[in-house]
Amino acid sequence: MLAINEILFNIQELLGDNAQIKKFFLGKATIVINAKSIKDVVARLVKNDSTLGLSAITGIDLDKTIGLLYHLRTSEGIVTIKTEVSKGKPIISSITNIIPGANFHEREAADLFGIIFKDHPNLKRLVLPDNWPNDLYPLRKDANLEDISKSRDNFSYKIDGSQSQEDSLVNIIVGPQHPALLEPEKFSLKVDGEIVKYVEPRIGYVHRGVEKAAEKKTYLQDVYLVERICGICNACHASAFVESVEKILGTQVPDRGKYIRTVILELNRLHSHLLLLGHAGLEIGYETLFQYLWRDREPVMDLTEMLTGNRVIASSLTIGGVRRDIKETHIPIIKKQMIYLRERMIFYKDLFENEPSIKLRTKNVGVLSTQDAIKLCVVGPVARASGVPIDVRKDDPYEAYGEIPFKLVTRNDGDAYSRLMVRLEELFESINIIDYAIDNLPKGPYRIKVPRVVSAGEVVNRVEAPRGELLYYLKSNGSAYPERVKVRTPTFSNIPAFQKTIIGENMADVPANIVSLDPCFSCTDR
Amino acid sequence: MRSITTWARIKSPWVIHFNSGACNGCDIEVIALLTPRYDVERFGIKLAPSPRHADVLLTTGVVTAQCAERLKRIYDQMPEPKFVVAIGACACSGGVFKGNYSVVGGVENIIPVNIYIPGCPPKPEAIIDGVVKLLNSLKEA
Amino acid sequence: MQNRVGPSLTGPSGILQPLADFIKLITKEDIIPRDAKKTVFRFAPILAFSVIVFGMCFFPIDGTNIIPNSAFSGDLIFDLALLTIVNFLMFLSGWASASPYGSIGAARVLVQFLGYDIPLFLLALSPAFLAQSLSISEIATAQNIPFVILAPWAFILFLIAMQAELEKDPFDTPNAESELVGGLETEYCGGRLAFLHLTRDVQIIFGAAIVVELFLGGPYGPVFFGFPTFWYTLWFILKLLGVIVLSEYLASLFARLRIDQVLTGNWKILLPLSILSLILTVALATWIYPWVM
Amino acid sequence: MGDVKLVKKRISPMIKEVLTRFFSKPVTEKYPFVTTEVPEGFRGKQLFNIDLCISCGLCSRDCPSNAIEMVEVDGKRRPLFHLDLCIFCYQCAESCPRNAIKSSVFFELASNDKKDLILKPEANNKTGGSD
Amino acid sequence: MVSETESLIAYTFLKNKIIDSGFCTLCGACEIACPLGALQLKAEKVERLTDCSKGLDLCPICYEICPHSEALLLRSLSFVADAPVKNEAVGYYRKIVLAQAGDPQLRAQSMGGAVVTSLLKYGIESGFFDSAIVTQAESQNPSKPVPKVAIVPDDILSAIGSKFFPSSVAKAYGSAVYDYGQKNIAFVGVPCHVLAVRKLEAWQHKISSNLKIIFGLFCFGTFSLNSMLTYITKRYNILPSDILRMRLSSKFVIQTRDGETEIPLPEIDDHILPSCRVCTDFTAELADISIGSGYPLEGWSTVIIRTKTGEDFFYEAVEKGIVNTWVIEEEPKVFERLMVAAMEKRTNALKKAKEMERTSGLHPILLLRESSVLSNSRIDEIMTRSVKTVSLDTSVSQFLVLVPKFRHIAYPLVNKKNVPIGWVTLEEAAKVEKHLRAKTSVNKIAIRKLVTVYADETALVAFKKMSSHNIGRVLVIDRTNPDMVLGIVTKMDLMHTLTKQF
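Chains as they are written, first to last, in our numbering: chain A, 151 to 676; chain B, 30 to 170; chain C, 987 to 1279; chain D, 3 to 133; chain E, -3 to 498.
If we strip away everything but chain A, and leave its shape as in the complex, we get (with noise of 0.2 Å):
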């Protein structure tokens, strides 16, 4: 991983005078340079940094031009380059071929700004529905939205399950209501006998434009909105978007709210892990896994309906601390269910280790190289189980996690066995997070008053979701609701992987390849 000041050089180097560069603003550093030349700048990155990866595109309504941030993954933090593309004319040109992980930012940034990549790759409906009204960009804010609600009504109920029967191949839909799968989201598979060759993902059934309700709640009011983007990873996203607000404030939250804070995002973390490979479990066809893991994850929900006062949306962070305390008879408990949590771990680790049928199923299946992984800047277990380290509790750590020692697991063979066993080690080390926050719990505040109007600033923030890094970026303007929230969440830049991984697989892999991706597609449409 390059070092910052090095970037910095070779922008400087590159662009001479037209690239100014703003140190510590928006991550680490913000470049400022004008739209043609972002092909060539990030190509030269990409040159001299093989490790760099692209974790989100933001785009921003700036009333004559459309701002778009373009915040690159280094080892030391996020880099951010910022241009400006005029509302009339918004045509910028496509790194997806030298990033290949941009291709789902793009398409984003496409639908809801309506921004033009040159030489795009398949620049087609990624997050609205197919009948959206082409020219009606919802992000902007001269977008009325008003008749939407009203056209609706007129929604032309196009069926789009296209039989194409081009050459040999069967086109089978894994539809938005499948057993399998959880949530709503299409996946049109071309299989040629059992092996598949080609699978387009279709998402946005779970599209709910959180993004756009946030400009129009308080900031109090949001942090229960973000809270419900996913069910699974609640804490996370109301700790990134409370920490940003937080930036922004400059409020220093007392230590024994950030301690209660990691461990509830612990909690959740192991919560979303136990319920995962629970429904790995289910996919490749053990009930009795499935049964006895989603049991052991019971005492995971009554810690934090205990703490929390709900079992599953711990809407317990709030700005500027958290809103409830640990009490004295809390902790006694929860080291009991620690004790019991672990020994059901041992058990399950030896069980993954040396159940033949388990192995049969997920060894060396959709196999992501440690390289393709970089290429398509996918995060979180998946990315550490091919041999990449990236993990924001270690890279620029937040809340406690600073103070509290914990061991980063990665693997490098990249399959999908390797994938649960990485979620499984990381279930060992939330559990030793805990114990080490509870044990000593710091004395004193967990909460400081914080006024409702937040001064204007920009700021990104990263957190580690238990799918990966999520990303915040959050633009207040001086009043009390904010100017801009973009959430990009961890699955968002997995989904490409699946692609990677599916082809040239048999069909009957299908399921136990997208369940060990985790996708949580209510956080990828948001």
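Hints in this document: simulated from the structure, not taken from any laboratory.
Just so you know, these numbers come straight off a predicted model, no measurement behind them.
Mixed in with the good hints there might be a few duds.
As a list, the in silico PhoX-like pairs of lysine-lysine whose alpha-carbon atoms are at most 25 Å apart [said to hold, decoys possible]: (1) E:K82 - E:K496; (2) B:K162 - D:K122; (3) D:K32 - B:K168; (4) B:K127 - A:K362; (5) E:K384 - E:K413; (6) E:K91 - E:K208.
Position chains B, C, D and E relative to chain A; hints supplied.
Just chains B, C, D and E, lined up with the frame of chain A:
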């Protein structure tokens, strides 16, 4: 004869679950019902693989524009004595996302709903309580 | 098995649950997909059910057959053939429903049971050879020492082959929910679905019954007092339950295997093993067992 | 297929596990007949105490899903809770200056028509709601 | 129960009536009471961050909560109104006791009897309350008070010593409730801050449900921080940072590293906060326990116990030997000094208040006003019956000895035929020099003016007479026989009738 069929319908309601745009908080609670701790199989409730086999449709999530048509199609595929249970604030009325551009809001705009279970997400016991209330209302009907 | 209660509210501790499922399914509305093959679609399930029930009556449950003097030499082969026919009819019903999932599920059923029939037959021959006869009732009577002790390897392999035949885990690829929505049952609903489910349940009992007859000495067991038929049926039911629990236990141990692994497993491993076990039983029977029995 | 199991290093622990589970008591809680105990912090249905309310309207302004509507009840404006919209985040309880909105552990709120899900603030009865 | 002011958005009243007119004593109660968090207490002034009227129907909170507004005063008084004794100078109380900390090392550190510190330490250790709001001195600038939520006993030890500048203890109380999540909090504050917390309780604000006990401190008046410090640095060139400790007795003493400098009282007089000038409350009449210096006794504090909770806690501490007590009746000088100081503050505060009402039209809080309640309650219901009269021949020193026993500060003077001819008040008696006290007779210092009312008249009549003659008490005589004394009605009795309605 009629009382036996109602008895049979009450005793073995096969369920199908469709998530029309939910944050999957409610979905994991629905699936948690099958796990040992809550185990709805005591009531003979089984997760049916395809709409053809199902009697009760458990919908979760605010109906997004794209899913509306799917939801309608699933509902039509189900054989006749069918019931719909809307789980969670989103399914009942659109919850936090009500009013967003791509959200139809509430399942009742698309298909008739028999039972509303509020909560975000409702506890598994609350869902069982909803299904039991549905079965009881069947008994009287 | 999965640490949960299972149906417990229909009838005393849930015994009537299958009955409730059956009646409800019958009273359901019946939809026949537009482009399904009408005749086959309508009759295949009922036909399959009748064949399997017919197959059941060849087992001597209480010392004498259900249908008197229907035992004829070679009814073992006849029974196994019936099992194959039933599977074929299941394939037909899947193929008839003309939904993509239905046809793929049907293809898998066909591929699977054709593959596993051969080892099943070979393994069935070992007890037949030990009892020097092909009629089930005679095999059952000849077992004063249950063949499971004489040929344990045959018993284990037969159990695995039966597991695959009945499409129970780890070989239940045909009606794998996660891949194909409902396998061959996808398009069925109402009455036909009820019959399909019934056929599947009877198939399980049929398989277990064969295992009991050939390896565990059928209904014959120690008789304490009173008339033997009562005790024989009791023994038979007990052994039957034992085998079913064993197969459930096996099912819960493994994840579902991929279709190609199932096939490679069958042709590369199970078939040679069954031939070996047959040779072993024959060798043992001719040299060692005569002076023992 | 059978012999693969023998060659591996250790016997899969699942065999022992399933056996122990087979004989041990199932973990299921017989919910409808046995009421489950809910931790006291649980966020169930709101309890609205009309005497404490100064009808300042802060709860309806702070509610993320606008589930609280201010309605006239004999002269004064009181909050009416739409439980179908409500996401039970209890921001209203936190914003209310006077503890007029308290939490309860009551979660069985399923009902077959929407009218039951509207909690109307009647005068001088402690628990709002007409269901 | 929406208050009498019915104001739509209270902040407008708060702003021009209290903040702009400088009545604010920076306690921070409005900041914690505001549900929107729209108010923030900056260094010397309260500011509003957002326009709180948007989207809100009405919000009376911040004006009503402010100790210097006239709302909710009687309701707050009702919390202590169940005490048996109604004394004009120090308000309602159950017992007045002299006390000092049991642990000598604590006593050495503090000026007075270190009773507050030891009580707080004991309270936290015994779990009677889980935290206390104390005021510590800021490390670099020791004279600047910093309120702190004390959870562990040694936080309290570092907060010894009384402070002379306003410290926003109410704001710390808010953070104890919201940020620290404490459930039973002990509040320590000067009378106007105690009034603020009592108003929160009277308004049934949800913060007050976490309040366990209130300790009041005697208060002569606080000074405004910057004006006082700039004056000191300009006049005596002492930098604020090197002031170690300040003491106020007869003179205002500033102790620095290199010695002490004394400042005459009148000089510091104009730095007193405007609201303190009109404050009638010297002994924190609304606290559960009020504690002040036991002057002239060295090393002792006077403790006034007012409510049941105060009584239980105090005597629990006494049994455990945390605090050792001494009966005040044995020390009439202390009682006398206390009463005199309290009456002195009350009278010139009322004088200042009337004068301020005439000049700038601002009418600070005057509890007693014509109100319907007074007109319909009769005098014989509210008067104190058992009247101790003073005969002509008693000397001033004898008078001073019987005063603490009968707990009143003014007694009717009767001649030989037992006919009331005037009043003997404690204030007058205290003016006599010590060595003359034995000799001078009570008759010399008595006030001849006798204002009388009849038993069957209404309390309103008594009130009108009192305010017209500007005196604190009237004599109740029988209509038929003017010489026969039936009872006395004091301002406190009138106040009591008002508080009875809550």
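Against the structure, test the hints numbered earlier, and report the numbers of the ones violated in rising order.
Every hint satisfied by this model.
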